[in-house]
Amino acid sequence: MGDPAGSPVLIDGNKVMAEEKTDGLVHLTIDDMPVAVPPGTLVWAAARQAGIEIPIYCYHPKMPPLGACRMCFVEIEKIPKPPQTACTTPVSEGMIVHTKTEKVLKARRGTLEFLLINHPLDCPICDKGGECDLQDFTLRHGPGGTRFDLKKRHYPKPVPVSNEVMLDRERCILCQRCTRFSSEISMDNGLVMISRGFRMEVGTAPDHAFDSVFSGNTVEICPVGALTASAYRFKSRPWELKHVPSVCNNCSVGCNARLDVRVDKIMRLSSRQNDEIDDGWLCNRGRWGFDFVNSPQRLRTPLIRQGDTLEPTTWEQAFYLIATRLGGIAKAHGAKSIGGIGSTRTTNEEAYLFQKLLREVLGTPNVDHHHGSFPGSRDPLTGQPWMMTNSIADIEKASHIVLIASDPYERQPILNLRIKKALKAGARIFIVNEGVTELDRLAQGKITLPQGSTGLAAKLLLATALTTEKAHGQANELRTRVKQEASLARRTLGEETAAQLEALAYEIAAAQGAIILYDEMATLAPNSADLAADLSALAVVTGNINRPGAGVGPLFEDANSLGVRDMGLLSDSLPGYQPAEEAGLAYTEMLQSPDIRALFVMGANPLRHGALPSNLEFLIVQDITLTETAQKADVVLPALSFAEKDGSMTNVDHHVQAVRRALRPLPGAKADWEILIALANHLGDRWNYTGPQDVLKEIAASNPFYSGLTWEGLGAQGVRTGEQEVARA
Amino acid sequence: MESLEGKRGYPRLKPPFPAAVGLYGGPTVINNCETLSTLPAILRNGPDWYASFGTEKSKGTRVLCLSGQVKKPGNYELPLGTPFRTLIYDEQYGGGILDDRELKAIIPGGSSSPILGPDKIDVAMDYESIAAAGSMGGSGGVIIINDDTCIVGAILRMTEFYRDESCGKCTPCREGTYWLTEVLHRLEHGAGKQKDIDLLLDVCDNISGKSFCPLGDAATSSIVSGIKLFRDEFLEHVRLGGCPKHLAHAGAHSALK
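Chains as they are written, first to last, in my numbering: chain C, 13 to 741; chain S, 665 to 921.
It cannot be assumed that every hint is accurate.
Claimed, not checked - Here are some chain S residues the structure puts well away from chain C; computed CB gaps all over 10 Å:
(1) Leu700
(2) Gln733
(3) Gly760
(4) Arg821
(5) Leu863
(6) His910
Unchecked claim - Derived DEER-like restraints, expressed as beta-carbon distance ranges:
(7) S:Pro908 - C:Ser242: 51 to 57 Å
(8) S:Glu720 - C:Leu133: 56 to 62 Å
(9) C:Leu162 - S:Gly738: 36 to 42 Å
(10) C:Lys169 - S:Leu687: 48 to 54 Å
Simulated from the structure, these hints should not be mistaken for lab results. Each residue gets a CB set at the ideal place from its N, CA and C atoms; glycine is no exception.
Can you make the complete structure from the sequences, with help from the hints?
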């Protein structure tokens with residue numbers, strides 16, 4: 013019997029001896045339990061794997077060891093001067109570790125007594141109480157009382173260190189997790205240690221604001237109640253919260269999150285580590301940006317237009333009206349007079365049903381959503397649909413990261429942390445942008461472009477790359493296309509900028525692995541219609557595709573931007589990017605077409621991007637609040653937020669992940685999928701899906717990017733999928 | 665090295681040791697002034713000449729920094745193995761105790777080395793002999809305390825130093841030196857309790873060997889050795905409600921009135 017790779021803890025000690033040095037693992041004994049772990053593992057982590065708790069404060073698995081709090085003491089045989097700290101000691105073969113000797117227990121009691129001498133013990137009014145490592149470890153490892161009978165130190169409190177974060181210096185145990193997060197992870201030094209010795213404290217540096225979009229992570233990793241979130245302070249006690257594993261709905265990264273819910277209100281989101289996606293972090297937008305879910309403005313009943321006002325009605329009447337009016341319009345003007353605009357924030361199942369309703373039930377090809385401008389649904393050069401060719405985790409392996417017209421800090425924040433991690437590992441970062449971005453200060457190169465010239469810059473990059481040896485003999489038709497455009501670009505951008513771009517193109521061509529990322533919406537800028545195609549070609553001709561640490565692709569905007577493309581919410585393609593027999597009107601075309609008489613808008617707000625179709629007779633809006641577009645609607649259908657329903661979403665690197673219901677549905681509103689099924693049935697079809705799980709089954713059976721997926725199979729961390737043969741049932 | 669690199673002055677995690685990965689990641693050798701100051705003479709006269717000084721095991725000389733209550737404090741280079749008595753009383757060196765008072769205690773190697781009593785006056789100043797006497801050669805900073813000095817006050821002063829010098833990185837040193845100072849302060853100034861003496865010893869035990877770097881250990885040496893040698897004086901502080909020296913002064917003042 014071999015040692016199964018996934019379970020290196022062996023119960024039988026003899027087996028460990030027999031397999032020594034054959035499995036590449038280090039074997040040690042912790043509290044008489046044999047453990048096998050990879051070389052370099054810290055004793056703390058080895059113990060955790062064996063189910064033995066060693067208390068820690070300063071250590072955090074995502075940061076280098078510090079050895080400051082002196083809580084994780086263990087005794088290691090043959091190492092002089094016990095005790096040792098488990099968070100700084102790597103394992104070695106044959107090591108014998110004891111975690112519960114009298115020496116260890118006394119040392120831990122001593123540390124806890126030290127940490128508590130000036131602690132205010134205000135647990136009853138502390139937000140952290142109930143999920144506080146100081147409280148919990150004191151209970152499990154600490155002394156029952158204290159011998160400190162002097163006056164405790166006092167500080168003014170709480171001190172707002174930012175708009176979002178409050179600092180209570182009396183509760184702080186100076187573990188320095190927050191300041192190390194600021195220096196090592198977010199690399200902005202928002203929080204720093206001030207003074208020394210017993211006067212040491214956490215604070216902000218003079219003239220340096222702690223305004224990081226990542227500041228909420230410091231609250232989460234604070235092991236005590238020293239850093240609290242102004243958004244959550246005094247809102248709830250941890251034991252009143254129901255924890256629901258789900259996915260953040262705020263951008264396309266799809267960070268795994270835990271929804272902390274109390275009496276059908278979201279109180280906060282916490283990170284839920286998924287190393288492939290978020291690396292254990294969550295940005296402030298995700299953490300606290302859920303007001304739309306709890307909003308008192310949520311729609312609680314269907315509305316129908318009565319003259320100038322929208323009046324409450326029943327679901328039955330709303331469905332009846334929709335069926336009658338759509339039927340009438342189709343009869344009078346043909347099915348193609350109906351258009352559907354979907355959302356980037358609804359689930360895959362809902363997007364799938366939406367296009368199915370429009371295409372199959374209503375018979376119109378006019379289906380789209382607001383998205384970047386891509387030439388066709390697939391890249392003509394690679395044949396791949398438009399999406400990042402690399403994974404998020406791949407970013408760490410890149411030697412070069414080139415951000416073109418993209419600013420992850422503002423738009424996909426957690427990717428910014430991944431790029432910084434790559435930077436620490438030695439990657440070179442280049443930024444090509446018309447404006448200023450947060451990463452500029454850390455980049456090896458920043459090329460500032462004149463307004464509206466990103467598309468030209470991409471052409472120049474591509475044209476230059478085509479002159480390199482790597483591109484020799486490749487893509488000759490491309491060469492002739494970009495040649496002329498490149499000389500125009502050179503003139504428009506100016507000599508200096510052009511020279512910088514050319515140097516960057518050579519750097520990309522010579523890179524061990526370059527990842528080129530651009531913002532989806534940058535393709536909508538003037539002169540940028542070819543941006544996606546040119547950058548994809550840049551990656552292809554420089555060999556930066558289909559290998560580790562290299563890639564290219566758009567950074568999408570919303571939580572399910574990629575998923576709804578997969579689901580065929582595109583004017584020219586059906587689910588799975590199968591070409592539509594007849595292309596429908598695209599987003600802008602629909603809004604500008606005089607032939608559109610009826611528009612069904614689900615979770616979108618097209619009035620933000622222009623006027624409604626000029627001859628529009630009937631507007632249906634399905635949303636959670638009364639958006640600008642909904643205010644103009646003839647029928648408004650109240651929908652549910654991501655927190656109130658089950659379904660799958662697909663993030664920027666094509667992880668298909670489960671969003672799970674955390675709240676009871678808002679009374680009066682229905683999930684989009686539920687509304688769509690009811691509508692299809694009112695329109696004369698017979699849809700008998702009992703829930704999103706059934707819809708996913710249908711998707712998995714027909715969509716090559718979802719082949720074989722099941723609701724259960726998505727598990728806690730989702731599945732990253734690519735195009736596969738579909739096994740048709 | 666951390667300070668040179670512009671970071672907070674924290675001790676680094678070892679390994680890697682500075683000789684492998686030091687300043688700005690390069691291999692770095694760190695020596696103190698005393699070591700470097702011996703080099704010219706050794707280079708000029710040869711290692712055998714240098715080794716002819718000192719004892720069998722502790723060869724060479726040390727630059728001893730004599731301070732405290734002696735007539736002639738200063739830096740004196742002496743062969744290892746020279747007795748304390750020579751350093752303190754020889755006219756060439758210390759020239760005797762200030763005001764010709766009695767010797768009360770010797771701190772042989774800086775404030776981080778355990779205190780020795782006057783009975784150790786004839787101990788030879790080499791590493792082995794000082795260790796056998798219960799202390800260490802340490803930095804070579806020999807501090808002399810005479811019988812007019814309150815040992816609690818002296819230890820308080822040294823502990824304040826460690827409290828202020830603690831970088832604050834690790835819990836036992838940062839919080840422990842603060843607590844020790846507070847307790848010593850109240851013993852010296854009249855609010856001490858009998859239990860404080862054993863409390864001091866146990867707090868020292870919770871610092872010693874538990875701190876990140878040896879500064880925490882160093883902070884406890886004077887207290888542990890001081891209580892061992894002078895427990896009665898500590899008890900007297902509790903009994904009298906303060907330092908006998910202060911109280912005597914206070915008495916003198918009131919008698920003058």
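Comparing the hints with the structure gives:
no. : hint                            : result
1   : Leu700                          : holds, 28 Å
2   : Gln733                          : holds, 29 Å
3   : Gly760                          : holds, 38 Å
4   : Arg821                          : holds, 16 Å
5   : Leu863                          : violated, 6 Å
6   : His910                          : holds, 20 Å
7   : S:Pro908 - C:Ser242: 51 to 57 Å : holds, 55 Å
8   : S:Glu720 - C:Leu133: 56 to 62 Å : holds, 58 Å
9   : C:Leu162 - S:Gly738: 36 to 42 Å : holds, 40 Å
10  : C:Lys169 - S:Leu687: 48 to 54 Å : violated, 39 Å
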